[in-house]
Amino acid sequence: MTIMPMTTLRRAALAAMAAILAVSVIDPVWAQAVSFAAPPHATGVMSQSAVMGWILTRQAAFYRSLSGFIRASRDDGAAMWGLFGISFLYGIFHAVGPGHGKAVISSYLVANEETWRRGVVLSFASAAIQSAVAIIVVAIAAVLLGTTAKAIGSTVHVVETVSYGLVILIGLRLLFVKGRGFLMACRELIRGLTWQPASTEAATSLHGSRMIVLRHDHRPGTTSFRCEPCHGGDNDHVHGPHGHDDPDHDRHESAWGHAHGPEPSELAGAGGWRRGVSAVIAVGLRPCSGAIIVLIFALAQDLFWTGAAATLVMGLGTAITVAAIATLAVGARNIASRIAGARSGLGMLTMRAIEVGAAALIVVFGVLLLAGYMASEQLWMFTG
Amino acid sequence: MMNRTHSCFCAVLLLSLPVSLPMTGAAAHPHVWVTTHSEILYSAEGAMTGVRHAWTFDDMFSAYALQGISHARKGQYTREELASLAQLNVTSLKEYGYFTYARADGRKVKLLDAADYWLEYNNAALTLHFTLPLAAPAAAKAMQIEIYDPTIFVDFEFAKDAPVLLSGAPPQCLLRADPPHQPTPAEQLRLSQLDGDPLDASSSYGEIFANKILVKCP
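Read top to bottom, the protein sequences are chains G and D.
Numbering of the first sequence is given in the working numbering, commencing with residue 951 and proceeding in unit increments.
Numbering of the second sequence is given in the working numbering, commencing with residue 7 and proceeding in unit increments.
It cannot be assumed that every hint is accurate.
[Claimed, not checked] Chain G side only, calculated, beta carbon under 10 Å to chain D, not exhaustive:
1) A1092
2) G1096
3) A1248
[Stated by the list, open to error] Think about it this way: if two alpha-carbon atoms lie no more than 30 Å apart in a straight line, the pair counts; the simulated DSSO-like pairs of lysine-lysine are:
4) G:K1100 <-> D:K222
5) D:K147 <-> D:K222
6) D:K116 <-> D:K166
7) D:K100 <-> G:K1100
[Said to hold, decoys possible] In silico negatives: residues of chain G with every beta carbon more than 10 Å from chain D:
8) A1022
9) R1067
10) A1082
11) V1109
12) L1116
13) W1255
Just so you know, these hints were derived from the structure itself, not from any lab.
Only a predicted model underlies this, so the values are computations on that prediction, with no experimental measurement involved.
Every residue gets a Cβ at the ideal spot worked out from N, C-alpha and C, and that includes glycine.
Assemble the whole structure, with the sequences as input and the hints as a guide.
In structure tokens, the structure reads:
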């Protein structure tokens, strides 16, 4: 009885470490967040930052060559294809840097137990919205109204603030749902350990790894086998998790009832897709400063539509990077889930904790963006 | 009783999660490129009084800044037509300390608001001229002026030709202009672990990207 919780703990710890390692490889922002807990090996960090440095140098070079290509495409139609090619590459490289919702989308996918396929769709959708918002802002503000850079900058600022606010709201909602899932799993686990570790093991192995044990307490069959050892125990049976007089019971049936995430089949439904829309809009709403500048430069050359096309191609490149990182995040989560889930209640608790952590990250990202700590794209630096 | 202990334990566990997520810093992401010319100004007594900048923006950002600015002739902007934009530029720049950091013998020196500013438009690029007076004339042995954006939204680069000039300095003063060097492995490591506030002018973080002007007078 004393040995079992120990091995469970070790497994859970291993699972958590595997998840953190997997995630830290995929995104420097995550890596930064994680490096606090476990300082990575110095050489690893150096090579990573060298790669990042190279990518950022490349994207800067691509960006600077855009103006030449836009100018050239005024006289030479063939140069337009060069422009689109550079825009595409710029999008891919540029999205590696901050912004573009990689961190938020990845955290959202991890917290929400999304499939990689949905991750890809959400990434492309948010990138498409981002491009569209940039084109619409410039089309209305510059082409139709002829406003100044200051007005465009303030418009972008407002849209950006709304976007960050939405990110925080989505994060808080997820944090609430996942936090409750974690609390339930945790309380249940401790109860299980206190009373009857054996029955917890039995319950999880019976009902599959991804379920919170508590859920099955409402079913007559499982209630009976859960209750049996509790009543046989000598302590604390008043607070048992069983029975419908349990104070927890009502909460399970609330609107937030899917605290442990739906099955993949449920995600495929129309309602499942609708849930992702809020995240996509929140992330995609904020236009990329680079796209705005490129569009206005194109407009100044009387090539607005060429600029709009280049912006969309740029978005395609961005989407590929974001989707790749999102896929890695989902993959990391699945690996962690497989390691943790195949075990016991503690493994499940680890997964709930990862989800809570991911949800908390969304809130942190949102707050940092809103506070201006992570927003390095400040269009109004020179123009108010 | 038991239940409450469990709940408390769980809550503590849960609350410790977000706390363990440290801040993340901004990373390199320039969207504005500025080529700089600077003139270091001296009083008749040989004390440094300020710096006069002439910053040329890249063509794309110039086009962005010029959006909606009315002008009489296509492709041309007079200093008068650009006056309001120049005013806007220096007001906005004030918030960022004009991206100019001065030190006299290692101590930070306060800069006053920009004066004598105007914009000119040439070869599809805007050049902003402005003067930053020192709060008090400084007669230090080593004067250092750095130009950089700690958030790296703006990429500053010394102009190829005579990026820094001394104006009225004592003849024995020596001028050095050092462009940003390639980060050493140690600096790269520090950069990648950066989790402090990058906007703090006293942090040495941005120095890696700083264009450094050094004037040594005996």
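A closest beta-carbon separation below 10 Å is what the hint needs, so does G:A1248 meet it against chain D? This hint holds: G:A1248 lies near chain D, its Cβ roughly 9 Å from the closest one there, short of 10 Å.
Please verify whether D:K116 and D:K166 have alpha carbons no more than 30 Å apart. holds, 28 Å
Please settle this one: G:A1022 was flagged as non-interface, so is its CB more than 10 Å from every CB on chain D? holds, 13 Å
Check the non-interface label on G:A1082: least C-beta distance to chain D beyond 10 Å or not. holds, 19 Å
Interface exclusion of G:V1109 relative to chain D, criterion Cβ beyond 10 Å: Holds, because the least Cβ-Cβ distance between G:V1109 and chain D comes to about 17 Å, which exceeds 10 Å.
Given the hinted pair D:K100 and G:K1100, is their alpha-carbon gap at most 30 Å? holds, 16 Å
Given the hint that G:K1100 pairs with D:K222, does the C-alpha gap stay at or below 30 Å? violated, 41 Å
Just double-check G:R1067 for me: nearest Cβ-Cβ distance to chain D has to come out over 10 Å. At about 28 Å from chain D, G:R1067 clears the 10 Å cut-off, so the statement holds.
Does D:K222 sit within 30 Å of D:K147, going by the straight-line distance between their CA atoms? holds, 6 Å
Is the Cβ of G:L1116 farther than 10 Å from every Cβ of chain D? holds, 19 Å
Would you check whether the claim that G:W1255 is not at the interface survives, using Cβ distances to chain D and the 10 Å cut-off? holds, 16 Å
Supplied contact hint for G:A1092, tested at 10 Å Cβ to chain D: holds, 6 Å
Of the numbered hints listed earlier, the single one contradicted by the structure is hint 4.
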